[in-house]
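Protein chains in written order, with numbering that gives the first Met the number 0: chain A, 0 to 292; chain B, 0 to 292.
These aren't lab readings, by the way, just hints derived from the structure by calculation. Where a beta carbon is used, it is the ideal one built from N, C-alpha and C, also for glycine.
Listed next, the stretches of chain A that the computed footprint assigns to chain B, with coverage defined by at least 3 CB atoms under 8 Å from CB atoms of chain B:
id	stretch
1	0 to 10
2	20 to 33
3	39 to 52
Residues per chain are reported as follows:
There are 2 protein chains.
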Amino acid sequence: MRTRLECVPCFVRQALEAVRMTTDDQAVQEEVLRRVLREVSGMDLRLSPPIMGQRIHRIIRALTDNPDPYRAAKERTNRLALVLYPEIRDRVRAASDPLEMAVRMAIAGNVIDFGIGNRIDEETLRRTIDSMATAPLDGDISAFSHEARAAKSILYLADNAGEIVFDRVLMEELGPDRVAVAVRGRPVLNDALRADAEAAGLVGLVEIIDNGSDAPGTIIEECTEEFRRRFWGAGLVIAKGQGNYETLSDATRPVWFVLLAKCAVIARNIGCEPGSLVVQRSATPGPTQAIAL
Amino acid sequence: MRTRLECVPCFVRQALEAVRMTTDDQAVQEEVLRRVLREVSGMDLRLSPPIMGQRIHRIIRALTDNPDPYRAAKERTNRLALVLYPEIRDRVRAASDPLEMAVRMAIAGNVIDFGIGNRIDEETLRRTIDSMATAPLDGDISAFSHEARAAKSILYLADNAGEIVFDRVLMEELGPDRVAVAVRGRPVLNDALRADAEAAGLVGLVEIIDNGSDAPGTIIEECTEEFRRRFWGAGLVIAKGQGNYETLSDATRPVWFVLLAKCAVIARNIGCEPGSLVVQRSATPGPTQAIAL
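Build out the structure end to end from the sequences listed, making use of the hints.
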């Protein structure tokens, strides 16, 4: 999806929040903000918003001289999510439709998002889990279940640290033998890296690959050749979270988007209300539709 | 007061809201936003926030080719406030301390502020009037009353259209013979101009002067010589609203600030909670204190 004018103030606000989480040095905060303003002033709005996110976080890492400012925050949210993992898993096992409940739990994990500036705690996460267990789903969960069961291989594009523990219950439910999880190749924001997949207990459960990129989303053209091969070859692609939606909504292969629509611009693009739990396949004809045609 | 880093995302958000109120042409909206981003990226943060507001609205007026984009909105809020004027006046007359109640009503009018993006309606205004009639005042209303009664001349720096009708009840209570009201010299945002003072019924009640400037505040150095003479010579200066506070908080003559602290940065600078009804004299020693020393 392209960038909307509403995204512009949001970039600036997010840049300020991000640099404040990263350093207390006001001179650095000010310089980051000035560079971000110049960068945004020349942005091509046909590009998707995470491309600006990528540039903003490159500026922050360069000017703070810190290659991974969110490392501690990511470790904290991984630990927090692991505390809740047994409850989430039990909730899925006890559900009348475990796959649907696993999708709901994966969406609940999507509230862990430092891009929107929140500082998540255990209490908030528990409330989110409870509410997402029963909230209406926007999309076609039965088509998702059908395609997921039929797929020979599933590529799961992870989103954030901490959240990836919630994704684990969905991967377990999908049948982990068929699943490969893809994380970002280099640090950006609190997005999950290989270390977070490992912390989430995914080693030995699913194959872990990385996409080689430092975008807070999946910009196919700049991912590794190996990642692109896997993306185009997978029987089913699950893209988790807003960043992956923003960068893949116009992809020319079918993709299942699983996310909480936190941003009004994204919700409008999807065609849902802000706050919706989304399980939607991209508009591109998928294999099932292709056969039906 | 100087500009804080928190003001930066707010400038960009306000610029987008303002240009959207002004034109539906997306190309113009985009170009305004790009120019504002460049302008803000080079801003001297030692300057007060309304200086950036002034530049933003100059950009909007130039690119939309509209010398007064808020004209209709200002007329609408003047009419709306005039509907409520008899009630406000009666409330002041019936109060045990009419001057204090008039200050409260003037503060209630300060919710009419298109800079913070709201679209005010009669119902909201009535609720505001009710709540401001009894809410705690932050500052020293008895010192204000004492100085106001003693002053030989009062210069009242108006803020917005519509709001100026609420200011009228305070001017009436102060004794209009001693009062001159100063409006902006040229259009900026929904700030009151001479036409709005006239619409508010101030002709023949108080002297109306303008400051010659298009800043959404009072930048003394760029006001007319006549205005500056009046400013330095007045027995008492009342500066209404946030923009006047931001530009005059460091003035070297005493000024009474009367405003609703809507913005967190301004509230912090004043030393009050956001949402406070403020009646405070500037930190600079006033004439009373000067005599006492």
